[in-house]
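Q: Work out the full structure, taking the sequences as your base and the hints as a guide.
Chains as they are written, first to last, in the numbering used here: chain A, 1464 to 1910; chain B, 1464 to 1910.
Please note that a few of the clues may not be correct.
If chains are identical, the list can't say which one is meant, so a pair holds when it fits in one copy or spans any two.
List of simulated lysine-lysine pairs, DSSO-like, C-alpha gap at most 27 Å [what the hints assert, rightly or not]:
#  : residue 1 : residue 2
1  : Lys1780   : Lys1881
2  : Lys1806   : Lys1881
3  : Lys1806   : Lys1736
4  : Lys1806   : Lys1594
5  : Lys1569   : Lys1515
6  : Lys1778   : Lys1750
7  : Lys1696   : Lys1736
8  : Lys1841   : Lys1515
9  : Lys1778   : Lys1881
10 : Lys1466   : Lys1841
11 : Lys1466   : Lys1569
12 : Lys1780   : Lys1696
13 : Lys1475   : Lys1506
14 : Lys1475   : Lys1841
These aren't lab readings, by the way, just hints derived from the structure by calculation.
Protein chains: 2
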Amino acid sequence: MEKVYQFIEDHKDMYLDWLIELCKQPSVAVQNRVIRETINLVKNHLDDLNAKVEIIETPGNPIIFGELNSSKKKTLSFYNHYDVQPEDPVELWESPPFSPEIREGKLFARGVADNKGTLLSRICAVHAYQKVYGELPVNIKFIIEGEEEVGSPNLEWFADNHVEMIASDGCIWENGFKSIDGTLQISLGCKGMLYVELCAQGANTDLHSAKAAIIENPAWRLVWALSTLKNEKEEILIDGFYNRILPLTDEERALTEGIEYLEKEELEQLGVKHYVNHLTGFALKEKLIYQPTCTICGIESGYTDEGAKTVLPSKAKVKLDFRLVSEQDPGEILTLLRKHLDKHGFQDIEIIPLKGQRAAVTNITDPLVDKVIKSATKFYNKEPQVLRSQAGTGPMYKLCQKFGIPSVGFGVGNSNSKNHAPNENIFISDFLEGIKLSALVLHEFAD
Amino acid sequence: MEKVYQFIEDHKDMYLDWLIELCKQPSVAVQNRVIRETINLVKNHLDDLNAKVEIIETPGNPIIFGELNSSKKKTLSFYNHYDVQPEDPVELWESPPFSPEIREGKLFARGVADNKGTLLSRICAVHAYQKVYGELPVNIKFIIEGEEEVGSPNLEWFADNHVEMIASDGCIWENGFKSIDGTLQISLGCKGMLYVELCAQGANTDLHSAKAAIIENPAWRLVWALSTLKNEKEEILIDGFYNRILPLTDEERALTEGIEYLEKEELEQLGVKHYVNHLTGFALKEKLIYQPTCTICGIESGYTDEGAKTVLPSKAKVKLDFRLVSEQDPGEILTLLRKHLDKHGFQDIEIIPLKGQRAAVTNITDPLVDKVIKSATKFYNKEPQVLRSQAGTGPMYKLCQKFGIPSVGFGVGNSNSKNHAPNENIFISDFLEGIKLSALVLHEFAD
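A: Written out as structure tokens, the structure reads:
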């Protein structure tokens, strides 16, 4: 593999240029921006590999499928996405989100960590391997969607209707970080998600707030409704919410105990004094990896600019994400949420469901897991941290577990990559390591 | 007075033009827009009356003082303001807020009801009276400030340091409406106010919402804090909040009983099914006129645009107004609010006070009250509705009650004028009636 690593080193400026070019595309799925331009950029890279490329149209953004069939015994697939999160609040970016900038060894841009850096690390790995060895040790499939950040609404349809196309012996998942001490994390699953908007409606127009004495305030309705959903101990109060969560197995417990989580460093980095409920140690890691959440992602009502405006708002809305785990089903949770609001007298509050995903987990005894762990250990000369599940969400269930395909995730992010937030970044060195490790994994997977 | 009324009729287009011109000025105090231009416009009108005009500089927006000293026995003052509320949400306006537009007998513009229409009705009344009679029956003072919509932060300083200047036998206050059945309302007081912003801070940056499992969410902190402030029965839960509220006197009870409040019509107009707590009749009127409020005027955190963004916000803030009544003191309520938050474990939530006003009331037995009621009864051939207090707030205490000056308010608004809201409007006929009634009041006040 030394020759491949050397090739990557010799071409690192070119690979970095590819990444910078890709990160200039504001491919924000939720806003439908420059989708075709971004697809063309990615497609060109796959064409250069001599991959057989298909652009699968969907009711939403197309899926890019690329295949390099070397008639080998085994097939490895790479799942990635070319869409990114919106860039706001844009005023908090130190450099414009779609003008990638290098500062102190890091590349800053929206989407560089989630997940354009990782996406290109797979493409560059195949590129370097081909250039050095001429042929690939495994068949390769690229599945690159454009709606991951909006809940992959069309991926399930795609998978269900292209079972042969997506079939593989293992799928390398899109996302991953190094821990705060620089150890690579690999993850065997994703949390699921239910994302909803709750809307409350008051009078048919904003009113002078003097009227608030007698006219209902939708912002208060929403605050009261929210306060019934989760208490200050972080307990989610919806009847039945925790019913389908299985207790940790001994194996999961052992894995979790093995993770070194640098609490002090993270708290300092984020400028907070303690974790929720003052959690620490095992309980903290368990909460992050195995517990569901109920998160206010956004709330808005009335006047929010500078100064004092005395207005009784006409509407209020909140965006909530529930990260789901184990056997929790987003459809069922939606039903329980409606029942909960009704039971507490909030029949007037409308629920608009926006995203649903089930959680997914690959068995630790699967050969793919072993291959990835061994490759990472060899490459870094240090064991990676194995997470039973990412704290984040992805459509892993829809694309892999549902079809019995094992899936393992690792990527080029760091502990302060700021996915979904201003000043998203990766270390350039992590990008290059990601290319090398991806190349090693496809090499090792062949055996 | 018929001659004066006729003069007003003959010049109604001119007066309407003056109002349209004034409403074109986006004199938003909180944003410091076109303040000097607006002052010049108003000053020109006062100059035309041959008033002695002084522009009193303050640390904020200047106060316009105009005086017409006819060496009469009595002095009548008019309090008004040339500033307006911000125009947002601007997308809900049917015509641009600062391009006044006439539709179906109404003039639509930000500030036309609050309070440029009423301000000009006073100036036009003096203008018409002078043109017809040559001299005025009373000395007149205009006190026109430019910071009413931001809580009149400099008016108290002005009043305290210009006691002679503001002295009068009665002050006609700035604001007023017709009830839904078209009866003029006159008010003898204003509610007070404490306006604060509450801010909660989480991590030093927005984060991927996967981290919400372990990092505190400032939006949740704010929701939980708010839910301790007021319950669903509209009871404000701050210890001592209601302590300084005096019970209704028999006189206040009788006045309130006398008000015809068209509930069905208002509910229909606003598109709501019932009032808070299903109040009706006396209890509804009592709540509106005599009870304090705690209102969410605005709340904001995280992602609020279209679609699903999975972010853990770094900050959350809410704007709250407390309308105060009776002897409630804004400074004391601020202290009680801080204590309340601390007691409930919300020491981390910052309070930023933005406005403070005491409530004010003029005694119903004051001769000014009698003069205004008699003038309105004569003019409309129907008794006005007398409100012990507006449901709204103004600096009446700072400018009048503190110095023993009685004050009565009436104006040119209607029951659907939408002060502080999109599509603010007045009937043009109400503007002309307001000019006539203002002229009659200054005529009657002379006796």
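Q: Next, verify each hint and record whether it holds.
A: The hints, checked one at a time:
Proximity of Lys1780 and Lys1881 under a CA criterion of 27 Å is satisfied in both settings, with 26 Å inside one chain copy and 22 Å between copies. For the identical chains of this complex, Lys1806 and Lys1881 are neighbours neither inside a copy (38 Å) nor across copies (35 Å), given an alpha-carbon limit of 27 Å. Taking the shortest Cα distances, Lys1806 and Lys1736 sit within 27 Å of each other only across copies (20 Å), while inside one copy they are farther apart (37 Å). Proximity of Lys1806 to Lys1594 under the C-alpha cut-off of 27 Å is found in neither arrangement, the shortest distances being 64 Å within a copy and 68 Å between copies.
When the C-alpha separation of Lys1569 and Lys1515 is checked against a cutoff of 27 Å, the pair qualifies neither within a copy, at 33 Å, nor between copies, at 67 Å. In this assembly of identical chains, the alpha carbons of Lys1778 and Lys1750 lie at most 27 Å apart only when taken from different copies (23 Å versus 34 Å within one copy). Taking the closest pair of Cα atoms, Lys1696 and Lys1736 come within 27 Å of each other only inside a single copy of the chain (17 Å); across copies the shortest separation is 36 Å, beyond that limit. Taking identical chains as interchangeable, the C-alpha atoms of Lys1841 and Lys1515 are never at most 27 Å apart, the minima being 32 Å within one chain and 90 Å between chains.
In the homo-oligomer, the alpha carbons of Lys1778 and Lys1881 lie at most 27 Å apart only across protomers (16 Å), although the nearest pairing inside one protomer, at 31 Å, exceeds that limit. With identical chains, the CA atoms of Lys1466 and Lys1841 are at most 27 Å apart within one copy only, with a shortest distance of 16 Å there and 102 Å across copies. Taking CA atoms no more than 27 Å apart as the test, Lys1466 paired with Lys1569 passes inside one copy only; the shortest distance there is 26 Å, against 81 Å between copies. Taking the shortest alpha-carbon separations for Lys1780 and Lys1696, both the intra-copy value of 24 Å and the inter-copy value of 21 Å come in at or below 27 Å.
For the identical chains of this complex, Lys1475 and Lys1506 are intra-copy neighbours only, at 21 Å inside a copy versus 70 Å across copies, given an alpha-carbon limit of 27 Å. With identical chains, the CA atoms of Lys1475 and Lys1841 are at most 27 Å apart within one copy only, with a shortest distance of 22 Å there and 90 Å across copies.
The structure does not agree with the numbered hints 2, 4, 5, 8 stated previously, though it agrees with the rest.
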